[in-house]
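Keeping their order, the protein sequence lines are chains A and B. Take 12 as the starting number for the first sequence in our numbering and just add one per residue. Take 76 as the starting number for the second sequence in our numbering and just add one per residue.
FYI, nobody ran anything at the bench for these hints, they're computed from the structure. Careful: at least some of the hints might be erroneous.
Here are the computed lysine-lysine pairs in the DSSO-like style, where the Cα-Cα straight-line distance is at most 27 Å [unchecked claim]: (1) 159(A) - 327(B); (2) 249(A) - 327(B); (3) 333(B) - 249(A); (4) 249(A) - 159(A); (5) 184(B) - 328(B); (6) 249(A) - 228(B); (7) 159(A) - 184(B).
Some chain B residues well away from chain A (every beta-carbon gap over 12 Å; in silico) [what the hints assert, rightly or not]: (8) 82; (9) 125; (10) 260; (11) 286; (12) 314.
Not the full set, but computed from the structure, chain A residues with beta-carbon under 10 Å of chain B [as the list claims (entries may be wrong)]: (13) 24; (14) 56; (15) 105; (16) 137; (17) 148; (18) 215; (19) 216; (20) 255; (21) 285; (22) 287.
Beta carbons are placed, not taken as given, at the ideal position from N, Cα and C, and that holds for glycine.
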Amino acid sequence: MEQVLRRNPALRGWLLVLPAAVFLIIFFMIPLLIVFVYSFLERGTYGGVIWQFTLENLARTFDPLYFSTFLRSVYIAILTTLISLLLGYPLAYFITTRPAHQRNLYVLALMIPFWTNFLIRTYAWLTLLRTHTGLINVSLTSLGIIEKPLPLFGNDFAIVLGLVYGWLPVMVLPIYAALERLDKSLIEAAQDLYASGAQVFRRVIWPLSLPGVVAGSMLVFIPSLGAFVTPAILGGGKSLMIGNIISNQFLAAHDWPFGSALSMLMMIVMLLATLIYFRWALREGVQP
Amino acid sequence: MNDANRSHDRLARWRASLGGWILSGYGVLAYLFLYLPIVILVVFSFNDSRSTSQWQGFTVDWYYAMFDDRQIILSLWNSFFLAVVSTIIATVLGTLIALGLERYSFRGKTAVDSMLYLPVIIPDIAMAIMLLIFFNLSGIGFQPWKVQFFGVKLAVPYSVIIAHVAFNISFVAIVVRARLAQMDRTLEEAAQDLYANSWRTFRRITLPMLMPGIIGGALLAFTLSLDDFVITFFTSGAGFNTLPVRVFGMIKKGVTPKINAVSTLMLVVSLSLVFLSIIMRRRGGDDEPIQFGF
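Make a model of the complete structure from these sequences and hints.
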């Protein structure tokens, strides 16, 4: 046995990979396949399915009732990504301007909120944003700055704010990595050639940081589109996203095939985004 | 240098320093945005009132209320047990697959590689419902593992343990692979030149050098398992709570400083784990900039 293994490194590689690969095939790939199959089946009475092929579930995902929520989820995810980029880019730039020995500390300070529980960070915003009992409205009203509470909660504003807060660090990190690697002599060269600050940014800094920007945008867009906790807590039961509709199909409506079809649709959009990203990365010759 | 040029220089310097000030001011604001909600959350866990928005004085009563709540304590034990078990399994499987993929080439490697990255990319909710259907259909169901853990009787569904291992393997594998990729191989080659067989080389050289990566991966898996809400919520069946699942249920019923107290406890645990992982990294002589926790 040992002789065989010693002479055959490929076999050794296979044996090392095998346990985890088998585990993931059974508990990840097969479930993924089942969701795919389920989205073509008819619903059973109390959850479950009837093994009868149908395209009705896929057709129903385009029903305006659901499709409008889906489109709004895409809109919220894009908005979250853009705002995170707008807030995150200058923050990443700020960190690169710090003295070298302090930068790791600033990055650590950025990641500490990210490592704390997402549910808790969302709950923190709930206590701040609630319409009548939230800290912001209570404080502003008692200070006499506003008379009626501001509509901060139970709408798209609250969801986008919660998502930006949750995912901002993963936008900043790749942009910071790209800016950090940037060759400072290129900026000096541009300045020697009398380029204005705006020109240096547009022609030198921005193009060179683009890989970080695209990577960060992917890391924010994907979880934002699949958000479940944020809309469930900050959407106040009204402002819902596709993740909540999917969960409703399983927990309340007992329409598993339709829930499967919706999550297939969601995964397809994410897969497309990832594919576009990898093709772009390949063309630009950057490491995805 | 003429006067016009000099004043142009002064203007440019003035603009540069103004820009620096604005940037620094923005940096301060951005960090305030990140930290203020968490600080306020912690502050109101000590509020002597049911309100989480009006300060009424200092008390630690909410912490007493939390430790008196048997549901919360049980869910804390559940979380802890689940994290320990799923971390052990995921660390073993993840380390093995990392070694196989990084050190050997074989047919089907690309396929295994892409499969390993899927659980990281896929959103929680998709993985949650996928596993929910699977456990229902396969007949594995939501049978609990009845176990005594530090003298506490727990009933943890196998389905949740499996689900946690499924999302943790990939994270462990990524961390261990990163460590393997940057490891100096000359020591291993030296050992083999001195006629150590491959098992001995692995035991005495590779494994000790790899240890910081393995511990880093395990700590990440432990944290992810403790923090997970969505996948646990959907794969546990009825009646099983981890701390995040319990907190979600409490939030749905209404906001009280007791939730702030539980949140503060979870915060302290997460922070301790972060600092533990930083200490381990330092020990491993790893001064690379911090990534997403790995």
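These are the hints, each one checked on the structure:
1. Distance hint between residue 159(A) and residue 327(B) is fulfilled; the C-alpha atoms sit about 25 Å from each other, no more than 27 Å.
2. Straight-line distance between C-alpha atoms of residue 249(A) and residue 327(B) comes to about 14 Å, which keeps the hinted pair within the 27 Å bound.
3. Proposed proximity of residue 333(B) and residue 249(A) is supported: the alpha carbons are some 26 Å apart, at most 27 Å.
4. Among the hinted pairs, residue 249(A) with residue 159(A) is consistent with the structure: their alpha-carbon atoms are about 21 Å apart, no more than 27 Å.
5. The suggested pairing of residue 184(B) with residue 328(B) is violated, with an alpha-carbon distance near 49 Å, which exceeds 27 Å.
6. Distance restraint check for residue 249(A) and residue 228(B): the Cα-Cα separation of roughly 40 Å exceeds the 27 Å cut-off, and the hinted pair is therefore not satisfied.
7. With a CA separation close to 62 Å, the supplied pair residue 159(A) and residue 184(B) exceeds the 27 Å bound.
8. For residue 82(B), the condition that its CB be more than 12 Å from all CB atoms of chain A holds, with the nearest at approximately 17 Å.
9. Distance check for residue 125(B) against chain A: the nearest CB is about 10 Å away, which does not clear 12 Å, and the non-interface claim fails.
10. No beta-carbon of chain A comes within 12 Å of the beta-carbon of residue 260(B); the shortest separation is about 15 Å.
11. Annotated as non-interface, residue 286(B) keeps its C-beta farther than 12 Å from every C-beta of chain A; the closest such distance is 17 Å.
12. Once the 12 Å rule is applied to beta carbons, residue 314(B) is consistent with being away from chain A; the minimum gap is 15 Å.
13. The closest approach between the C-beta of residue 24(A) and any C-beta of chain B is roughly 3 Å, which is under the 10 Å cut-off, so the hint is satisfied.
14. Hint status for residue 56(A) relative to chain B: violated, with the closest Cβ pair at about 14 Å, above 10 Å.
15. A least Cβ separation of about 4 Å between residue 105(A) and chain B falls short of the 10 Å threshold, and the interface hint therefore holds.
16. At its closest, the beta carbon of residue 137(A) sits 7 Å from a beta carbon of chain B; the interface hint therefore holds under the 10 Å criterion.
17. Of the supplied interface hints, the one on residue 148(A) holds, with its beta-carbon coming within about 8 Å of a beta-carbon of chain B, less than 10 Å.
18. Restraint check, residue 215(A) versus chain B: the minimum CB separation of about 16 Å is more than 10 Å; hint violated.
19. With a cut of 10 Å, the hint placing residue 216(A) at the interface with chain B is violated, because the nearest CB-to-CB distance is about 13 Å.
20. The interface hint given for residue 255(A) holds, since its Cβ lies 9 Å from the closest Cβ of chain B, which is under the 10 Å cut-off.
21. Using the Cβ-Cβ criterion of 10 Å, the hint placing residue 285(A) at the interface with chain B is satisfied: the shortest such distance is roughly 7 Å.
22. A cut of 10 Å between beta carbons decides the hint on residue 287(A): the least distance to chain B is about 14 Å, and the hint is violated.
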